[in-house]
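Engineer: Protein chains in written order, with the working numbering: chain A, 1 to 463; chain B, 1 to 463.
Covered stretches of chain B, as calculated for chain A (at least 3 residues, CB under 8 angstroms):
id : segment
1  : 186 to 198
2  : 273 to 286
3  : 341 to 355
4  : 413 to 424
Examples of chain B residues toward chain A, derived with CB under 8 angstroms:
id : residue
5  : F100
6  : N145
7  : T156
8  : S240
9  : A243
10 : Y429
Since the hints were derived computationally from the structure, they do not count as laboratory data.
No residue lacks a Cβ here, since even glycine has one placed at the ideal position from N, Cα and C.
There are 2 protein chains.
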Amino acid sequence: MSESLPASLLTALPDSSVWDATELATRDPGFDARNFGASALVRPRDVEGVAALVRFCAEHGISLVAQGGRTGLAGGAATSAGQVICDLGGLNRIEEIDPFARVAIMQAGVTLGALQEACALHGLDPGIDLAARGSATIGGMVSTNAGGIRAFRNGTMRHRVLGLEAVLPDGRVFCDLTRVLKTSAGYDLKHLFIGAEGTLGIVTRVAVRLDQVVGASATALVGVPDAASAQRIVRHFLGSTSARLTAAEILWRNFAALMQRALNYAPGQLPLDAPCLLVLGLGADRMESARGVLEDGLAAIWEEAGIVDGLVASSDAQAAAMWRLREETQQIEHAHHSPPSFDVSVPGGAMDAYVARIEAGLRKLDAAYAPYVYGHLADGNLHISINCDGPVSHERHTAIEDVLYEGLREAGGSFSAEHGVGLEKRDAYERYADPVKQDLARMIKELIDPGHVMNPGKVVSGK
Amino acid sequence: MSESLPASLLTALPDSSVWDATELATRDPGFDARNFGASALVRPRDVEGVAALVRFCAEHGISLVAQGGRTGLAGGAATSAGQVICDLGGLNRIEEIDPFARVAIMQAGVTLGALQEACALHGLDPGIDLAARGSATIGGMVSTNAGGIRAFRNGTMRHRVLGLEAVLPDGRVFCDLTRVLKTSAGYDLKHLFIGAEGTLGIVTRVAVRLDQVVGASATALVGVPDAASAQRIVRHFLGSTSARLTAAEILWRNFAALMQRALNYAPGQLPLDAPCLLVLGLGADRMESARGVLEDGLAAIWEEAGIVDGLVASSDAQAAAMWRLREETQQIEHAHHSPPSFDVSVPGGAMDAYVARIEAGLRKLDAAYAPYVYGHLADGNLHISINCDGPVSHERHTAIEDVLYEGLREAGGSFSAEHGVGLEKRDAYERYADPVKQDLARMIKELIDPGHVMNPGKVVSGK
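From just these sequences and the hints, can you work out the full model?
Structural biologist: Set out below in structure tokens:
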């Protein structure tokens, strides 16, 4: 190219917006400072624009990194000089909501929050929720197979996607916009693009399954001796059909204590020094019945579960305060600079033993280590932050990972539950993923993206 | 090989049972007479036995067809001379049921019925059900991505599988026995094997997600003017959290009339000549409340939905009689010899128009054609049989398919909802599946099974 890269892009793609590195430097890169390390950002207006950009990059041997809301926590959208960002923000139209088929069709750059709002007008909901709802995009959530609070009931993004459209590394468009749940019409290749973090294709359009909204939701905060006790409570409510368990979040003592101090939370009678706290959400047709079922259910299981103490929120404000204890996790970053943070799935029956084992293992690395542990009890997804400033040395990071990940796959868990692999977990992927699976993944990456156009160096090992 | 194929197999695989063609000819081939066309059947005892069999076949250039319960309806397990059957019936152990993690780990040859029984002891259920439960195996259900009556709520087999183990065409074992819902740890390649009908690997072990059993389930039979009316009823019950909709099956008049005559069904006051019948299942903690919610809900939606008449079953026997109307579909085969039968997914809002369109299109082919249409209303999966003896000529079959499948993909539906592609829908796959998807599928088959060892000629087009 005789022109600069941004100038060439503008010439080749006149319908797209283009920012150069100077402009990028003045913008907010989102969660990860490395997101805007590229030489240019292109914002196409439609799928044809994305395909034209992909073909341009493929022809010129330039690598392309798709970005949505830039809320990813694993460095999957990080870029470097010479690379081009494909910003999906221009593809932000909700194209259709069908209230009888309970399906929404949208472009990939629509935010979760915008989708939730549009669905709510029909008494529907995409069935998935997470704290970054205001900026996380559906395309990004598909690409990382996002999970969140309600996955234990509704599944992860993979389970919500009915169909998708994606631009392949050769510029062709893979179009499987099925909007029905049942299809056994050959290999279901859309699943290759779900959770692939933009390394096999760029997701441009998605059909998502919707659920009817619950009339009202009651909240409780319950102190329990351990996760097994909390699981007994969850099991009790899952077994009832007279209300719908909508959330079951667990906070271990270190995390709960930090949040309580940071948020100045004072519930009065509730002993926040229980070994674990459980935040429960229960949906029913009306608020009184939701609160009633929650109170009756806790009373029924109180002794069997060994509940220390519990409180059903009597107002929306009290419920919101309980939820802040769980959700305002940026308090960890206020207390520690870039603390090493992890995201694992632990099989249900093994949770207490797992937490005890990692606490002991981390203490061996550093007697001051006392991790903050919290997460989604009912699906086993735990978030873990170390109570120290980061980044720690590569060697120390690896040692912490070994404590957290050792034996996890063999037990049926996962070293990456919902944040993806990106750059941060590439090393762990190579150490902990099944070698046959890694080999197949490399072969498939090479097959579909032989020129390594799309998000090279992320997720899969290889060139 | 100097010996015959069965003798060579027995020598090479001393731990497996081997049947030759003579023995096969004396056995029940299951739903499809072509299932036992092979030269030999091998029944390994474990995954190592399956891997040894695969290596033997790969080395000798023999093609291998995996079989479970032989209940498939699309010819996916059909075999011919020179081929070897890998019978998974020897891998029939349920290895673990974890009531707190709500997961079951089992070998692929376990039947759905056996799994349901074992789970019921813990108050749990695999969340998927179909009429062939007594013989259909979990491995076969994974391989065809089975759906059934409860998929509208719980998803298809793909949504129930947490992890799986499969033997690849080169004899290596792909092992992803994750037993948690949330994992974003690289490409989720287990989805390649789900719905691939044994063309990419042989599934040997599966981890399945379980749900808590509903306390009691009430049944109603409702006459409605059309599918849109039935969908209003479904929407009403889905929006309630005080009970759980467990089934919503729809029967168009031709099918309902056939079944009523064949089963001599006489409900008394119910006008079975309504344009459509809806069989509803509603779960609640106790039978009285299930019946109460069903009665109250029907009363509340009666006028809005234009209900013709309806009856809530007052006894188990009455409920069973209602279910027989929907489930004893072999009555179609009693009325017609091998009637041409189809299995499509139609997007929710388009169902009445679809049925009207195919009825008119079929009449144009033959004025006597009046299809039997019935199926799973809430997920759009319709089963269609033509009221004539079969098999019809290839040309006529293609003409019928064109009436049924034309425009279906573009509208977001599927020409194969839950029966798979197998042999029966190979032609339709080539005519109706997205060409880019077909090309990717061929590339992946070639990548993973370059020697075409596994179930050649099924699902994907190619060599």
